[in-house]
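Student: Can you build the whole structure from these sequences, using the hints too?
So you can see what is in the structure, the chains are spelled out below.
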Amino acid sequence: MPDDRRSLTTRLTVIQYVIAVLFAALAVGFWIFQVAQHTRFAEMAAENHLRRLPLPAPRGVLFDRHGKILVENQNSFNIALLREQTRNLDQTLSTLAHATGVSAAELRETVSRRKRDPSYRPIVLIENATRAQVIAVRARRWELPGIEPREVPSRYYPTSDMAAHLFGYVSEVTEAQLGRVEYEGIESGALVGQAGVEQAYNKFLMGAEGNRAVVVNSLGREIEELEKHEAVEGEPLQLTIDADVQRAAEEGFRHAGFNGAAVMLDPRTGEVLALVSQPAYNPNNFATGIDLKTWKALIEDKLKPLQNRALQGIYSPGSTFKIAVATAALEEKVITPEFQVHCGGGASFYGRYFQCWKQGGHGTVDMRRAMEQSCNVFFYTVGNMLGVDRIHKWASALGLGEKSGIDLPNELKGLVPSTEWKRRRLNEKWYAGETISVAIGQGQVSVTPLSLAVMMMTVANGGTRHTPHLLKAIDKGKGWEPVPAPAPKSVVKMRPSTVTAIHEGLWRVVNGAGTGGRARIEGKDVSGKTGTAQVISLTGARAARGKMDVRHHGWFVFFAPRDNPEIAGVVFAEHAEHGSSAAPIAKYAMETFFAKKEGRPLPTLNAPPAAPVPVPADEPIIIAQPTTAAVGGP
Amino acid sequence: MFERRLYFHIDWLLLGAVLLIACIGLAMIYSTTYVHLPGGGGRPGPRFWVQIYAVGLGIGALVFFLAVDYRFLAEHSLFVYCALLALLVYVLFGGVRAGGSTRWISLGAFNLQPSEFARMVLALILAMYFGENRRGARNYTDLIIAALFFLVPFFLIARQPDLGTAVTLVPVCFGIAFLAGLRVRLIVIVAIAAVLLAPVAWKFGLKEYQKERIDTFLNPGQDPRGAGYQQIQARITVGSGGLKGKGFMNGTQGTYKFLPVADNDFIFSVLAEEHGFIGVVSALGLYLFVIIRALEAARLAKDRIGAYLVGGIISGFAFQVIYNITMSAGLAPVKGLTLPLMSYGGSSMIASLAAFGLILNVRMRRFTN
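Sequences listed follow chains D and B, in order. Terminal number for the first sequence in our numbering: 1197, no gaps in between. Terminal number for the second sequence in our numbering: 376, no gaps in between.
Calculated directly from the structure, the hints in this document are not laboratory data. Values in this document were obtained by computation on a predicted structure and should not be read as measured data. Misleading hints may appear alongside valid ones.
Stated by the list, open to error - Derived DSS-like pairs (lysine-lysine); straight-line CA-CA distance at most 30 angstroms:
| # | chain 1 | residue 1 | chain 2 | residue 2 |
| --- | --- | --- | --- | --- |
| 1 | D | Lys791 | D | Lys766 |
| 2 | D | Lys791 | B | Lys264 |
| 3 | D | Lys966 | D | Lys1041 |
| 4 | D | Lys631 | D | Lys1041 |
| 5 | D | Lys1039 | D | Lys1052 |
| 6 | D | Lys678 | B | Lys264 |
| 7 | D | Lys1052 | D | Lys956 |
| 8 | D | Lys865 | D | Lys966 |
| 9 | B | Lys253 | D | Lys791 |
Tutor: So this is what it looks like as structure tokens:
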């Protein structure tokens, strides 16, 4: 069978060749993948198993002036999505929604909002997840590829809503902020301060995000850590705030049942001891991601809890403005402290009759008595002698109508009119008659509570308008380094006789027969002044009756002790009808301040409010429309 | 039965190459299944030890099938064939079920997969039929008889279901038929018929998951996390290896389970990743050497039975090697088909080594009568 044998041999050779060709083709195929396209596949392999995970940095802790912790961090869980690891995003989100009870629509919304982030960056789907949610997600991790619970530091405000406006809050950096210079280097999804100190000192507080490069397997489970850059915690800041004074001021508001604002300063330095705005919000709600419902409730609340009334509320100063007028008159030597005016219950200026609040009048009063009694006729007269521009000059020197320069964002300023202002703004001449109502803090005059506090500080220390500030010291890793106080906004050397006379008048308001008796503290020589700010005009009030609260706001501005003052400030009580109702709030805060300083037990408000010191009289409402000149008359 | 002088005719080169491939496989299994303990250190995974036992048993089988004269086996091939069919039938009713199919017989300590031995048994009976009874295969009758020998185990295995293993019987048939002189025209006709029947088979014969596999092969990008995932991961694994590879035990694709069944179907991908193109070419060279060298044994065989036996076994072997390696580069639809001599799997290893025992047997006895 040689023929057969030959055929077999041939066919074996054929098989050998065929197989050899196929092997050669395989080699070419591998060459294409492994050599020609190696770079591309090597990158894909690295993307598969290498992850760079951000390590959020704890924010700097905030301390009060005595070293008490005000704001700190706690660990919370969030549930994040790693898009690279999900196979079916839609289904994963549905499963997650089912497991955690969060609506799937909300989850999808979050994902689509962050669609343009680099895909390796985790998207936080549920912030501040409950234990039950974390456990539910862990239990179903096989159905939830790319979903992982992570422990993160989150901001914690141990005193809940205390000093909320002062501390501010943190939340995810917004699209608009990302484009701005001061947010350079901050990546989408980072938490930044959005108000208060958190915003003002965000750069110090934020620290630096760290990251970890890890190897993960196909389920996203971490196998090995390749490198780790620890997060750098934000720098601790010491604030000028005294936590007890702050708490006392807020308790005072709650106890009295008012909303409003209060600012207390150290008149020697401009340090802010307390800064209150009521109603407040709870910044803890923001720390772990605020839910839509809470947010809506906050922005739709008619009481505007997010507004920092101390810096952003603009109100008529009422009689507290008389302090600025008195200062102007004495410093401009228009009058001496002994200058006397007869008050017969009203007086005529430029053909109009302006009432004093006291029917029948105060009789003959000097500056001190006029201050004590808040006599309108005296200040009409003095204001008329001064003219609006000199009032403007001194009101500005005391900080009214100006920004205080406090180290908090979004401060607004009030207005003290002048001829210049009226010409520029309304292109109209100033009428001397308009000055009369300005002289008692009516008309176009408007202030922020903070600016009144600045006025009291400046009057208390004799003319130095310190810049109110909150930052006392910073710890950059080597212990507390004091931060130098910012330069004063302006310094006018008030004459000692002026200072003495005004201090005397204000002392009498509280300790004499004035309207501030409810702020009296034995041995502390509290000096102050009440004021009343109308909410809307008298005619408007009639129209709005029953639809809104038209009761007047009460002011109490103060410093203590009269000689060498250590605390100065303002209490603004919304709808308190009268400034005397604001005085007890100031009193309680001052009592706390002095008790703490002298090492005595701090006062409490547990007892029912003490019987009010009899208030001699009420102040009048003179002006109907703030934007018009003085009205009234016989 | 075993004469001393036969010892001198053993093809040590082929045997060495076969064992070398098995050792490379062991190394790759060691690498992919190595258990890293937390805090450093680690130990070989249990599959490594199982594979070592399998190689040991396989060498035993190799020695057995080398020692017994292949002619004796061929003469009793019908009995062996029937025994295989009995086992395959038993598998369908009393087999061990795992991963959606029933392929194994439980033997207590381990499970045996009879289908792995089907290629060898089919080669044996077809070699016997064509080599002894006729002067080659010339006509349709021969083809139909051969087809019957082939179809019975084919359907029994496909029923498990294990289409991959069943399909490897096809090249065994064609290899032997071709060597036995089947007209090329006839082969072409059968091939055309197969192509025409493919749509019918697609419609009625294939299960959903099988359709899906072929579908994704044609279009792997459409669902990268779905069924096409394995294919893309296979390409990444191979491609990221580069020229020199990432180094032994430095692969990431298999170790971190991006590539499924890395120690089994995709072991060659892991080899490509860790040892690069150089490793691939070396391994391909080894396989090619084994195949060419084995076919030399067919050329040297003293009778047609021997030649057909070797040809049949090597056709099946070469088909499986080429298909698996193509698949491991993501260039063929994913099928549960192992790489003979390398992949993890006891039955596969034992059957492969036993088959090479037969090949060595044929060459060794080329001078005996």
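Student: Does each hint fit the structure? Answer for all of them.
Tutor: How the hints compare with the structure:
{"no.": "1", "hint": "D:Lys791 with D:Lys766", "result": "23 angstroms, holds"}
{"no.": "2", "hint": "D:Lys791 with B:Lys264", "result": "24 angstroms, holds"}
{"no.": "3", "hint": "D:Lys966 with D:Lys1041", "result": "34 angstroms, violated"}
{"no.": "4", "hint": "D:Lys631 with D:Lys1041", "result": "19 angstroms, holds"}
{"no.": "5", "hint": "D:Lys1039 with D:Lys1052", "result": "28 angstroms, holds"}
{"no.": "6", "hint": "D:Lys678 with B:Lys264", "result": "28 angstroms, holds"}
{"no.": "7", "hint": "D:Lys1052 with D:Lys956", "result": "14 angstroms, holds"}
{"no.": "8", "hint": "D:Lys865 with D:Lys966", "result": "26 angstroms, holds"}
{"no.": "9", "hint": "B:Lys253 with D:Lys791", "result": "24 angstroms, holds"}
Hint 3 alone, counting from the list given before, is not met by this structure.
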